[in-house]
Amino acid sequence: MFPKPIEKSSRSVQIGYQSMLPVALILWLLPLIAVALFSVKPAADFSTGDYWNLPSQFGGWENYGKVFFESDMPRYLLNSILITVPTAIGAVALSCMAGFALGIYKFKANLWLFFMFVAGNFVPFQILMVPVRDLTLDLGLYNTKTGLVLFHIAFQTGFCTLFMRNFIKGLPFALIEAARVEGVAEWRIFVYVVLPLMKPAIAALMVLIFTFIWNDYFWAVVLTQGAESQPVTAGITSFNAQYRAAYHLMSAGAIVAALPPVAMFFLMQKHFIAGLTLGAVK
Amino acid sequence: MTTTAVPPTSPDQPRRSWYKRNEIGVTPWLFLIPAILFFLVYVIFPIIQSFNISAYQWDGLGEKEYVGLSNYQELWDDPAFYTSLKNNLIWLVLYLLAIPAGLFIALFLNQTVTGIRIYKSLFFFPFVISQVVVGLVFTWFYDPTFGLLNSILGVVGLGPVNVLGDPTYVTYGIIAAGLWPQTAYCMILYLTGLNAVDPEQVEAARLDGAKGWKMLWYVIVPQLKPATFIAFVVTIVGALRSFDLISIMTNGGPFGESRVLSFYMFEVALSEYGFRMGYGAAIAVVLFLIMLCFIAYFLYSMYKEERGH
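Protein sequences, first through last, are from chains A and B.
For any residue, its number in this note's numbering is found by taking its place in the first sequence, counting from 1, and adding 23.
For any residue, its number in this note's numbering is found by taking its place in the second sequence, counting from 1, and adding 1.
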């Protein structure tokens, strides 16, 4: 193990390390801690110019109550969910199939198709912006959640296929050969042999895509406007315009907007990190 | 392509359906069709269309007017384009700091004391937060009247610095905000990588007297190569995608000094400055060509890897 395990060091080094950890963490999260503190300060603190003392009283209920009951925030959150969940399901479904095809079968175009998905995954969004916006307008899907979902599914399919194909390549091929010898139809091999083995990959991708799409801002701005279809990342700017200079409310809003992916991460940590670090180890 | 491996059929067997006979050849295409279709319509064709649109003058609604290369000629003389390009370069170079910084934090946290798992997750979680929120958090952090940064600087007798209002600092201020989640990402890649470092090699090197920096550089870092490659890829892509932070923190300002190509393109094509789709597409093409150099390198690396198997 590197660096040298701290247990093998002297007692004082161990204590030093143990006490450095929380200090480092607080420094690392300082900007966020500041916002969390703001979000529970009552409005009165700000009008008296008291920014950095502890809250004079706990204003969290009031602030968060305003965010949930007196703004469009719940609407934006709901939109985000209605955009994120179908995208995650769609992209994972498409890429399970594509990954199966590219991971199991040998045919001439295989590697080229795979590279097409990989390369597409890296392109800057701006090269797609004008045509995709135009296409969405033509389909009558501008400013709808469906328009956003369709694009996200297509774009995320690149990353998901890369992920799935590599995962399936790592499965024991003997299983598929055995099934073929038994005369099992190819689509049944997919459904009954490969799919059950892909569960961890599916879970990892679901969590990752949920986070990526929840946090998307660019496409939300390009393809939607207004509270009826905008997700929370785009909505928070109108929220902030509404509560300009009300820092306690804007902080509470920011925390609410950030929370779902954070919760997802802490609940599904194992899958999340497995997905994110795929390929980081040979 | 559809002729590979026809299952053996004896002549007396009843003739099987076309699909049955070509099953192995046809199935992958059936499985691929939906993904390919989506990807062509929303990713591949739009790239080609953007190249095409960049040769037109177009407001997004009316008639397109063919103007040849004049959009690119205009770019050539556009000072805002050069500001953006310069800032893109600064982003690319400074963003790479996330890789050593991530490695450093990973080394710091790669211990087995009690509660270390919680520390690892908490160090990682800036990456999970959307860039919009990161942008807001840092805007407030930098705020000249009440921001934490200036409060701290005030204590040591410095400041106040209006980071986001000053053309010299603004890009660096935004990059610092971007480095926060990016470093967390690199950290998690390296933590996973360090987990897989071969303990026998480390012990052997220790017996040979290697330690500290030498050990890190000659024994550990080479074993972390796959993690470094991914960290490099995601950091480059992240640097060239920088849009959210700029849009939230400064909206390109002050005086357009914090623009990068991705933001300038959006501004030209879709914001109040008018809907100049053709000009925007030309900027996007330049950005795409820059990215293409990296994509080619990534694919080449992956190709070598694939051949190796």
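Some clues are possibly wrong.
Listed next, the stretches of chain B that the computed footprint assigns to chain A, with coverage defined by at least 3 CB atoms under 8 Å from CB atoms of chain A [to be verified]:
{"no.": "1", "segment": "196-209"}
{"no.": "2", "segment": "275-283"}
{"no.": "3", "segment": "294-300"}
It should be emphasised that the hints constitute simulated quantities derived from the structure, not laboratory data.
All residues carry an ideal CB built from backbone N, CA and C; glycine is no exception.
Check of the segment 275-283 of chain B against chain A for coverage (Cβ-Cβ below 8 Å, three residues minimum)
n = 3 at 8 Å, threshold three: holds.
If you look at each residue in the segment 294-300 of chain B, do at least three have a Cβ nearer than 8 Å to any Cβ of chain A?
Per the Cβ count (4), the hint holds.
Are there at least three residues in the segment 196-209 of chain B whose beta carbon sits under 8 Å from a beta carbon of chain A?
holds (count 5)
Comparing the model with each numbered hint stated earlier shows that all of them hold.
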